[in-house]
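> In the order they appear, the protein sequences are chains A and B. Using this note's numbering, you'd call the opening residue of the first sequence number 1 and step up by one each time. Using this note's numbering, you'd call the opening residue of the second sequence number 1 and step up by one each time.
None of these hints come from the bench; they were simulated from the model. Quantities reported herein were computed from a predicted structural model and do not represent experimental measurements. Treat each hint with caution, since some may be false.
Copies of one chain are not kept apart here, so a pair can be met inside one copy or by any two copies together.
[To be verified] Computed cross-link-like contacts, SDA-like style, restricted to lysine to any residue with a CA-CA straight-line distance of at most 25 Å:
#1 Lys-5 with Val-412
#2 Lys-371 with Thr-398
#3 Lys-53 with Ser-231
#4 Lys-72 with Lys-234
Spelled out, the chains give:
2 protein chains.
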Amino acid sequence: MPNNKFNVVSLIRRKRDGGNLSKTEIQYLIDEYTKDALPDYQMSAFLMAVFLKGMNDEEASAIAYAMLHSGKVMDLSEINGVKVDKHSTGGVGDKLSLILAPIVAAAGVPVPMISGRGLGHTGGTLDKLESIPGFDVNLDLTRYVEVIKKHNLVFIGQTEDIAPADKRLYALRDVTATVECIPLIASSIMSKKLAEGIDALVLDVKHGSGAFIKDPEEAKLLARRLVDIGSEFKKDTVAYLTNMDQPLGYKIGNWLEVEESIFCLQDEWPDDVREITLLLSGSMIQQGGRAETLDDGIEMAKATIQNGSALKKLRDIVIEQGGDVAVIEDPGSYKPAAHQTDFTAAKDGVVSAIDAYQVGMASLELGAGRKEKTQPVDPAAGIVLRKKIGDKVKQGETIAVLHTNKEAQFDVALELLEKAYVVEDKAGASRPLITHVVDAGGIHDFDYSRVPALK
Amino acid sequence: MPNNKFNVVSLIRRKRDGGNLSKTEIQYLIDEYTKDALPDYQMSAFLMAVFLKGMNDEEASAIAYAMLHSGKVMDLSEINGVKVDKHSTGGVGDKLSLILAPIVAAAGVPVPMISGRGLGHTGGTLDKLESIPGFDVNLDLTRYVEVIKKHNLVFIGQTEDIAPADKRLYALRDVTATVECIPLIASSIMSKKLAEGIDALVLDVKHGSGAFIKDPEEAKLLARRLVDIGSEFKKDTVAYLTNMDQPLGYKIGNWLEVEESIFCLQDEWPDDVREITLLLSGSMIQQGGRAETLDDGIEMAKATIQNGSALKKLRDIVIEQGGDVAVIEDPGSYKPAAHQTDFTAAKDGVVSAIDAYQVGMASLELGAGRKEKTQPVDPAAGIVLRKKIGDKVKQGETIAVLHTNKEAQFDVALELLEKAYVVEDKAGASRPLITHVVDAGGIHDFDYSRVPALK
Chain A
1 MPNNKFNVVS LIRRKRDGGN LSKTEIQYLI DEYTKDALPD YQMSAFLMAV FLKGMNDEEA
61 SAIAYAMLHS GKVMDLSEIN GVKVDKHSTG GVGDKLSLIL APIVAAAGVP VPMISGRGLG
121 HTGGTLDKLE SIPGFDVNLD LTRYVEVIKK HNLVFIGQTE DIAPADKRLY ALRDVTATVE
181 CIPLIASSIM SKKLAEGIDA LVLDVKHGSG AFIKDPEEAK LLARRLVDIG SEFKKDTVAY
241 LTNMDQPLGY KIGNWLEVEE SIFCLQDEWP DDVREITLLL SGSMIQQGGR AETLDDGIEM
301 AKATIQNGSA LKKLRDIVIE QGGDVAVIED PGSYKPAAHQ TDFTAAKDGV VSAIDAYQVG
361 MASLELGAGR KEKTQPVDPA AGIVLRKKIG DKVKQGETIA VLHTNKEAQF DVALELLEKA
421 YVVEDKAGAS RPLITHVVDA GGIHDFDYSR VPALK
Chain B
1 MPNNKFNVVS LIRRKRDGGN LSKTEIQYLI DEYTKDALPD YQMSAFLMAV FLKGMNDEEA
61 SAIAYAMLHS GKVMDLSEIN GVKVDKHSTG GVGDKLSLIL APIVAAAGVP VPMISGRGLG
121 HTGGTLDKLE SIPGFDVNLD LTRYVEVIKK HNLVFIGQTE DIAPADKRLY ALRDVTATVE
181 CIPLIASSIM SKKLAEGIDA LVLDVKHGSG AFIKDPEEAK LLARRLVDIG SEFKKDTVAY
241 LTNMDQPLGY KIGNWLEVEE SIFCLQDEWP DDVREITLLL SGSMIQQGGR AETLDDGIEM
301 AKATIQNGSA LKKLRDIVIE QGGDVAVIED PGSYKPAAHQ TDFTAAKDGV VSAIDAYQVG
361 MASLELGAGR KEKTQPVDPA AGIVLRKKIG DKVKQGETIA VLHTNKEAQF DVALELLEKA
421 YVVEDKAGAS RPLITHVVDA GGIHDFDYSR VPALK
């Protein structure tokens with residue numbers, strides 16, 4: 001393809017003026033960018049024009065397609081069954097992948113999971129898995145296929161082969177104020193997920209104070225865009241919109257979240273983690289063809305907990321990927337962070353709000369997260385919450401326990417928690433966790449009465 | 001100034017979201033960019049955000065100020081008199097600087113003129129001057145001052161010292177579809193002009209098919225912005241809006257335009273060239289304090305033609321800057337292009353429209369212009385029009401004569417001229433050349449009755 005097939009400036013100009021680009025034109029821009037024939041400064045001008053002028057459905061699909069095909073697209077057709085993965089737009093304490101992937105795999109549905117690392121206030125599945133001593137997420141794509149075949153499950157990181165255009169574009173968006181753009185977010189997510197070789201996908205699109213997207217209306221737009229792209233690629237795609245007004249579960253931090261996940265797999269759940277995990281697991285089991293209805297899928301998910309097969313699946317995959325299974329079998333044997341301190345209530349009252357962003361930043365400051373992509377994370381650092389929204393507290397009572405190996409960080413983390421927690425005379429009304437479902441048929445309010453298994 | 005005085009991403013984000021930047025913030029962006037501490041890809045995202053969200057008056061002045069002070073600002077205070085320059089937004093056949101600068105200098109007003117080169121369909125004053133054998137536009141800034149002192153006139157190109165930030169930003173805008181943006185155009189023009197050390201400025205803001213800006217309303221916005229920036233910098237700034245529905249004058253090409261300019265200085269004018277040249281000259285003479293009114297200024301301009309002092313001024317400056325004065329004294333002695341051919345009328349009728357852009361591109365193809373900045377130009381190439389709008393033509397009659405040293409280019413140039421010329425049964429109504437005047441007091445319709453000297 002010659003470098004001058006299209007005039008790049010005229011393509012930028014057309015988007016700038018609110019016009020649309022053809023699939024071939026978008027493919028050209030992404031291809032040229034991937035092979036360094038189109039400089040960053042032209043791409044960033046294009047991205048800003050896209051940010052401000054938007055993209056229609058065809059364009060968003062086209063950019064996802066181009067990014068997907070900038071690298072290797074896995075073919076898992078040799079593996080029996082409907083391959084299903086899950087993606088979450090992320091939030092503080094969101095360890096759901098660690099729980100639902102073993103559940104769904106144990107229910108007989110292959111889960112080929114390619115995950116990311118934490119950045120800023122949110123953690124990443126890879127960092128959490130690596131807190132298990134020896135656990136190797138850097139499998140090559142041959143091993144990736146082998147491990148799924150053997151266990152119906154694998155956890156790896158995005159390799160250089162997978163959607164390299166997305167990796168470069170994401171880095172560029174990060175430094176040019178073009179991150180929060182629905183078609184770009186959607187195509188970035190979908191290009192990576194589609195490259196895994198999946199047949200179906202469930203999406204957890206979070207909104208609220210602790211989520212990347214605060215506004216439910218924005219979250220709906222993103223969910224629709226994600227589902228549209230999935231449908232365009234003939235993948236069975238369902239998105240659930242979920243509320244994130246506070247951290248998910250009680251533990252935040254890499255090992256701390258693995259530990260909480262193990263307890264969940266032993267049927268000792270925080271309510272919010274249970275509800276969303278069972279929902280997404282049930283959906284994946286249904287999408288994977290192992291259950292007729294979502295409610296049946298949820299019942300099957302519960303059975304994998306009760307019969308111990310989900311926990312066994314986690315143990316098996318830890319062994320397969322080189323991890324120390326002793327810490328899974330006895331989480332109490334894990335070496336804790338050197339220092340702990342309590343965050344206590346300044347007055348009597350009820351926790352009325354928790355700014356999950358501030359909690360995530362506090363955990364980062366304790367060592368659990370990273371401000372920049374190359375920063376290492378401390379597996380043992382983090383925060384264990386004792387109180388969540390609606391809980392009563394007394395002055396001096398412990399609200400959260402901070403874990404760190406860098407004692408000097410307690411002050412800044414405590415300060416962030418003081419900002420995060422609001423204690424008032426009484427709590428407000430609690431909101432339902434799951435608000436909407438989006439599938440190829442459109443967007444609907446989530447109807448709890450149709451999934452009695454969830455309660 | 002530390003690199004992290006401001007967070008660049010948050011400045012881009014604010015502009016993206018329609019907010020405004022302070023003078024200090026804009027200064028920071030331009031300073032960092034000039035010293036290579038801010039990469040092209042961040043600047044281009046910022047420029048696209050500016051393109052789509054605009055800049056207010058303070059921001060446009062701030063960016064002009066920052067670009068002006070990115071380099072040397074000339075101090076001409078040792079030269080007596082009010083230093084006045086002219087800038088045109090450019091068009092096909094626009095040789096007005098070559099005529100008005102000698103007129104105004106001959107009337108006793110110092111004209112320190114820093115000009116540019118041609119690009120695309122428009123020519124540049126520097127290329128035209130360089131068609132005079134030996135003429136040197138690359139004077140250093142010491143010589144620049146010396147020559148103005150001696151002749152009230154100098155013609156040079158933008159040196160590396162003058163507004164280097166503008167040079168870099170302009171190159172970036174060119175490849176990122178962020179050229180046609182009024183605050184960026186205005187600050188680019190004004191930063192260069194203000195660096196010359198002028199006291200006053202007249203602006204010719206062209207609109208119509210042959211102009212850079214087609215829409216008169218856009219031209220008004222640009223003119224107001226230019227005048228506002230000038231006023232902000234305490235420079236007496238006046239802008240005239242002029243119509244450009246066809247090329248200016250009859251000759252297009254480097255030497256051909258010098259030749260036509262010499263004839264004008266001998267009082268043999270095309271009507272359109274005469275009208276706008278006298279207007280702008282008269283304004284400059286008035287702004288330079290040598291005439292009470294615009295009409296008086298125009299009368300003085302006419303006197304410099306009639307008494308030969310303007311032509312003498314051109315001759316003197318050609319000699320001073322190393323040019324061969326023989327071709328000024330006898331334009332017929334200039335070595336013409338090796339090949340000429342006629343563009344003839346396909347049918348009887350009246351010329352009803354001439355797309356000046358296509359004529360400019362035809363001239364470029366003949367060798368008079370450049371597609372890329374580093375391309376050399378042919379001094380002798382170009383087009384001599386025989387017919388303009390309103391002229392009757394008969395089938396087979398010559399409409400224009402093409403001059404080139406690259407005979408093979410005739411076909412493409414003739415094809416462009418066929419697209420450019422519209423011959424119909426009768427011509428439409430002609431429009432006034434000068435439409436509006438903009439000064440510190442605002443925008444006004446141009447009132448021909450107040451300048452009887454113009455007719």
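> With reference to the structure, classify each hint as holding or not holding.
Taking the hints in turn, this is what the structure says about them:
1. Lys-5 with Val-412: Classified as between; 22 Å across copies, 54 Å inside a copy.
2. Lys-371 with Thr-398: So Lys-371 and Thr-398 fail the 25 Å test inside a copy (28 Å) and across (72 Å) alike.
3. Lys-53 with Ser-231: Result: close within a single copy only, 24 Å intra versus 34 Å inter.
4. Lys-72 with Lys-234: within (18 Å within a copy, 61 Å between copies)
The structure fails to meet hint 2 from the earlier list, while all remaining hints are met.
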